[in-house]
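The C-terminal position of the sequence shown is numbered 379 in the numbering used here, with every residue numbered one higher than the one before it.
Think of the hints as simulated: they come from the structure by calculation, not from any bench.
Careful, some of the hints might be misleading.
Below, simulated DSS-like cross-link-like pairs (lysine-lysine); rule was C-alpha separation at most 25 Å, straight line [stated by the list, open to error]:
| hint | residue 1 | residue 2 |
| --- | --- | --- |
| 1 | K367 | K171 |
| 2 | K174 | K372 |
| 3 | K331 | K179 |
| 4 | K130 | K229 |
| 5 | K367 | K174 |
| 6 | K211 | K111 |
| 7 | K119 | K179 |
| 8 | K374 | K171 |
| 9 | K367 | K119 |
| 10 | K119 | K130 |
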Amino acid sequence: MEFIMAATSAATAGAITNPLEVIKTRMQLQGELMAKGEAVIHFKNFVHAGYVISKTEGFRALQKGVIPTMWMQFLMNGSRFGFYEFFLARGFITDKDGKTIFWKSVVFSGFGGIMGQCLASPFYMVKTHLQSQAAKAIAVGHQHEHRGTLDAFKTIFHEHGVRGLFRGAAASVPRALAGSISQLTSFYYTKQWLNNYEYFRESPIAKTFVAGMVGGIAISVTMQPFDLILTRLYNQGVDAHGRGLLYNGFFDCLIKIYRVEGPLAFYKGLGPLYFRLGPHSVIFFLIYEGYKSTYNKLKEQIYI
Numbered sequence: 076m077e078f079i080m081a082a083t084s085a086a087t088a089g090a091i092t093n094p095l096e097v098i099k100t101r102m103q104l105q106g107e108l109m110a111k112g113e114a115v116i117h118f119k120n121f122v123h124a125g126y127v128i129s130k131t132e133g134f135r136a137l138q139k140g141v142i143p144t145m146w147m148q149f150l151m152n153g154s155r156f157g158f159y160e161f162f163l164a165r166g167f168i169t170d171k172d173g174k175t176i177f178w179k180s181v182v183f184s185g186f187g188g189i190m191g192q193c194l195a196s197p198f199y200m201v202k203t204h205l206q207s208q209a210a211k212a213i214a215v216g217h218q219h220e221h222r223g224t225l226d227a228f229k230t231i232f233h234e235h236g237v238r239g240l241f242r243g244a245a246a247s248v249p250r251a252l253a254g255s256i257s258q259l260t261s262f263y264y265t266k267q268w269l270n271n272y273e274y275f276r277e278s279p280i281a282k283t284f285v286a287g288m289v290g291g292i293a294i295s296v297t298m299q300p301f302d303l304i305l306t307r308l309y310n311q312g313v314d315a316h317g318r319g320l321l322y323n324g325f326f327d328c329l330i331k332i333y334r335v336e337g338p339l340a341f342y343k344g345l346g347p348l349y350f351r352l353g354p355h356s357v358i359f360f361l362i363y364e365g366y367k368s369t370y371n372k373l374k375e376q377i378y379i
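With the hints as constraints, model all of the structure from the sequences given.
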């Protein structure tokens, strides 16, 4: 049940915040492997990016890739959060007083994150392909020619098989570890700390909101460099054998970006990433806590 509640909460939050994911993807691809001053800057910041995209391609462009985004969220966050909550509810992550044990939180959130990221990897790649497709005047990164979600899956599978659908899955592990550990651990520790204050003890919605925002900040700052690398790896063109045309893997991508674009390049798209993950984190946790509260009440009524 934890998986279903987490998965539907994540898919809903993903659909609502998808426009910011489109903007983030475009900004992360802008100036790819170009030294400062060489790249054409289409997007000055995330607000300007949203304006330029909607003006050039129409408002519907801001919802590109929403279907694979929802499926990605369903599988990724359903798995990692459902896994974490399953063991949390059974006392594996807390001590006898109900307080979170740090190392156990790190282990369970990390393992759940890796599992969810690997399961959702094909949808993450297709999402990236669709969201990067742009009008020629503002195109950034490699341009794919998919007509939609199903066409993207068919094309990738036809050309490179199942292996092609999971290209980049191994490189997604650092992103999964950084994001899952930072978000879940900070969220539950913040909730635990807020219980020291009467207002938050009596207002679970306010407590979840604040803890969700803290989780959003933590995941944005720690995951951003890995998120950018993964976007580059997923979006790059490939040869007939499915090998990347720009990067040979995670470390090759990291080194090339650092050498050509500089260390600050790893934080391209941080603004839209936070403004997506901040609201996404809050919306997700609020919906999930609502589901959990309703589920527990129904369970109590059934057993009475």
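Now for the hints, and whether the structure bears them out:
1. Taking the CA atoms of K367 and K171, the gap is about 22 Å. The hint holds against a cut of 25 Å.
2. Note on K174 and K372: the hinted pairing holds, with a Cα-Cα distance of about 23 Å set against a maximum of 25 Å.
3. Distance restraint check for K331 and K179: the Cα-Cα separation of roughly 35 Å exceeds the 25 Å cut-off, and the hinted pair is therefore not satisfied.
4. With a CA separation close to 31 Å, the supplied pair K130 and K229 exceeds the 25 Å bound.
5. This hinted pair checks out: K367 and K174 have alpha carbons roughly 19 Å apart, not beyond 25 Å.
6. Restraint check for K211 and K111: satisfied, since their Cα atoms lie roughly 22 Å apart, inside the 25 Å limit.
7. Restraint check: the Cα-Cα separation between K119 and K179 comes to about 42 Å, which exceeds 25 Å; the hinted pair is violated.
8. Taking the CA atoms of K374 and K171, the gap is about 24 Å. The hint holds against a cut of 25 Å.
9. Our distance criterion of 25 Å between C-alpha atoms is broken by K367 and K119, whose separation comes to about 41 Å.
10. At most 25 Å may separate the alpha-carbon atoms for a hinted pair to count; K119 and K130 meet this at roughly 15 Å.
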